Structures are given as C-alpha cells and as structure tokens.
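Asks: The sequence shown maps to residues 40 to 227 in our numbering.
No wet-lab data here; the hints were simulated from the structure.
Incorrect hints may appear among the rest.
As the list claims (entries may be wrong) - Straight line, CA to CA, 30 Å or less: simulated DSS-like cross-link-like pairs of lysine-lysine: (1) K204 x K129; (2) K216 x K129; (3) K219 x K72; (4) K219 x K162; (5) K219 x K129; (6) K216 x K204; (7) K72 x K216; (8) K162 x K129; (9) K129 x K225; (10) K72 x K162; (11) K204 x K219.
Treat the numbers as computed from the prediction; the structure is a model and nothing was measured.
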Amino acid sequence: MTVPAADWTNTRLVEECLRGNEQAWNVLVDRYKGLVFSIPIRYGALQQDAADIFQAVCLDLFNELPRLRDAEALQGWLIRVTTHKCYRWKRQQPSLSTEWDDQQVQQVSTEGLPADLMAELEKEQLIRQALAELPARCRQMIELLFFEQPPLAYDEVARRLRLAKGSIGFIRGRCLKRLKDILESKGF
C-alpha cells in the first residue's frame, strides 16, 4: 500500500482513502482537523462540544467520500458541513435555542457562509498547510513562538528545542522566510 505524503493533493488522498488506505485517511483528517475544530470554537463551543462536532464531521466525511464530486473542493465542503453542525449544536443549547430557528439553520446549507468568514477560514487553512510543509524544527519553533499562550520567551524555546538561546532569533528569521516562501507559492 502506498504511504501518503503531506503534499499530496486532495484528489490523490481521496482516491487512496477510497482504496482503503488507512494512512491516507489519517493524513486527510490531519490536514483539515485544525480547520474543522476551529469553527465550533468560533461559535462559542467548549473543547468537548467542539470535539463532538469534529467527530460528527469526520463521520460525515467518511460516509460521503465515495459521493464527493470534486476532491479539490473538499475544504469548502468541510467548512459548510461544520458550520451547519455548529448551527444545529447552538440551536440545541438551552440558553441559545431561542436564537436559532429551523429556517436559520436551513439557510446555512442553502445560502452558504458569509464571504468574509469563508475567506478567513480559507486563509487560516492555507497557513496550517504551509506550516505542515515546514521542516519539523521550523514548525516547532514557529508554534512555540507564535501559537503558545502566553507566548514563550526565547530561553524557554531554546530549552525545549535544545538550542542555544543566541541562535533562536537567527533560526526564527530563516523559518519565517521559509514560511513566507511557501505561502507565496500558494498564492497567499
């Protein structure tokens, strides 16, 4: 069985998934987990609720994969399905149920998402994909410097990556340049 690579297109990953390649499924889920998980969080879901929504979306993806017409449009499909599930989740919340009626939930699937939200989610996903293409050390450094809350000091980053503190700034610059180049190659 072919071992999937992170840089495979969605089309190739979907084809491998349909052939029963479990590793391809893992790569596909890993590629979009940040995107899918971020949407319920934006809608105010707690971690556990977001995880439940994520699981439901993955189940839908698994079931609908054979009927997916355009694998390269998968990202948009995932955004729509996840947003729809978020609206349904929000409607089921006791304190929020009066805010969302059936007509509003139906509008999500028929009208689509606001263009600005769709664009923002697509940008975030593009950044996630670019980060995944970085060498492991660069990815770890960028995550430690920019995604940790609260942000980590150079001393702590150096300790975790087993690097000299004085080299962090230089390596950070190189890693950010690589990230910028990857993003530019993707049209960001």
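Asks: Go through the numbered hints given earlier and state which of them the structure violates, listing their numbers in rising order.
Replies: Numbers 1, 2, 5, 9 - these are the hints that the structure violates, sorted from lowest upward.
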